[in-house]
Amino acid sequence: YDVKFVFAEVNADVAYLMLQHDMSRKKTVNPTMVGQKISTKSVGKDTKEDITHTYKHPEDSEEERASFEKAKHQKTQTPQEEGLALRIKASEGMNNGCDFDVFV
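Residue numbers (my numbering): 323 to 426.
These aren't lab readings, by the way, just hints derived from the structure by calculation. Treat the hints with care, as some may be off.
Okay, the calculated beta carbon distance ranges per label pair [as the list claims (entries may be wrong)]:
1) S364 <-> E386: 22 to 32 Å
2) K363 <-> A393: 43 to 53 Å
3) A337 <-> H395: 19 to 29 Å
4) D368 <-> F422: 44 to 54 Å
5) Y338 <-> I410: 39 to 49 Å
6) K367 <-> D324: 20 to 30 Å
7) Q396 <-> K349: 51 to 61 Å
8) S364 <-> I410: 47 to 57 Å
9) S361 <-> A330: 13 to 23 Å
10) K326 <-> E404: 14 to 24 Å
11) K392 <-> M355: 57 to 67 Å
12) K392 <-> E371: 42 to 52 Å
13) L341 <-> F422: 50 to 60 Å
None of these values were measured; they are calculated from a predicted model. Beta carbons: idealized from backbone N, C-alpha and C, even for Gly.
Turn these sequences into a full structure, and let the hints guide you.
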């Protein structure tokens, strides 16, 4: 369900914007800082297991580029319409934070 989030989380670039003495800006990007050494607890042991390879392809590989292109062109799922829509008008005597009854 959170594929976009996880993809962005492990494939993000870190960008730095430095203000120079002459007030110009210099941008530098580190594409390898994020998504390294993704680990989990090993089954039956008190050690960690590196699972980076299950989440992403090696940097600058053909597989990484193909994965990025596929993700970029994925259609976003259209949200389904809800079955019920309500408009509630609060009475004048209602206080914020207090309970109120709704009759449908």
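Quick rundown of the hints versus the structure:
1. S364 <-> E386: 22 to 32 Å: 26 Å, holds
2. K363 <-> A393: 43 to 53 Å: Violated - the Cβ-Cβ distance for K363 and A393, about 28 Å, lies outside 43 to 53 Å.
3. A337 <-> H395: 19 to 29 Å: Given a distance of about 23 Å, which is inside 19 to 29 Å, the answer is holds.
4. D368 <-> F422: 44 to 54 Å: Check passed, 52 Å falls within 44 to 54 Å.
5. Y338 <-> I410: 39 to 49 Å: 47 Å, holds
6. K367 <-> D324: 20 to 30 Å: 28 Å, holds
7. Q396 <-> K349: 51 to 61 Å: 28 Å, violated
8. S364 <-> I410: 47 to 57 Å: 52 Å, holds
9. S361 <-> A330: 13 to 23 Å: Given about 19 Å between the Cβ atoms, the range holds.
10. K326 <-> E404: 14 to 24 Å: 22 Å, holds
11. K392 <-> M355: 57 to 67 Å: 23 Å, violated
12. K392 <-> E371: 42 to 52 Å: Hint violated: Cβ distance 27 Å, outside 42 to 52 Å.
13. L341 <-> F422: 50 to 60 Å: 52 Å, holds
Checked against the numbered hints given earlier, the structure breaks hints 2, 7, 11 and 12 and satisfies all the rest.
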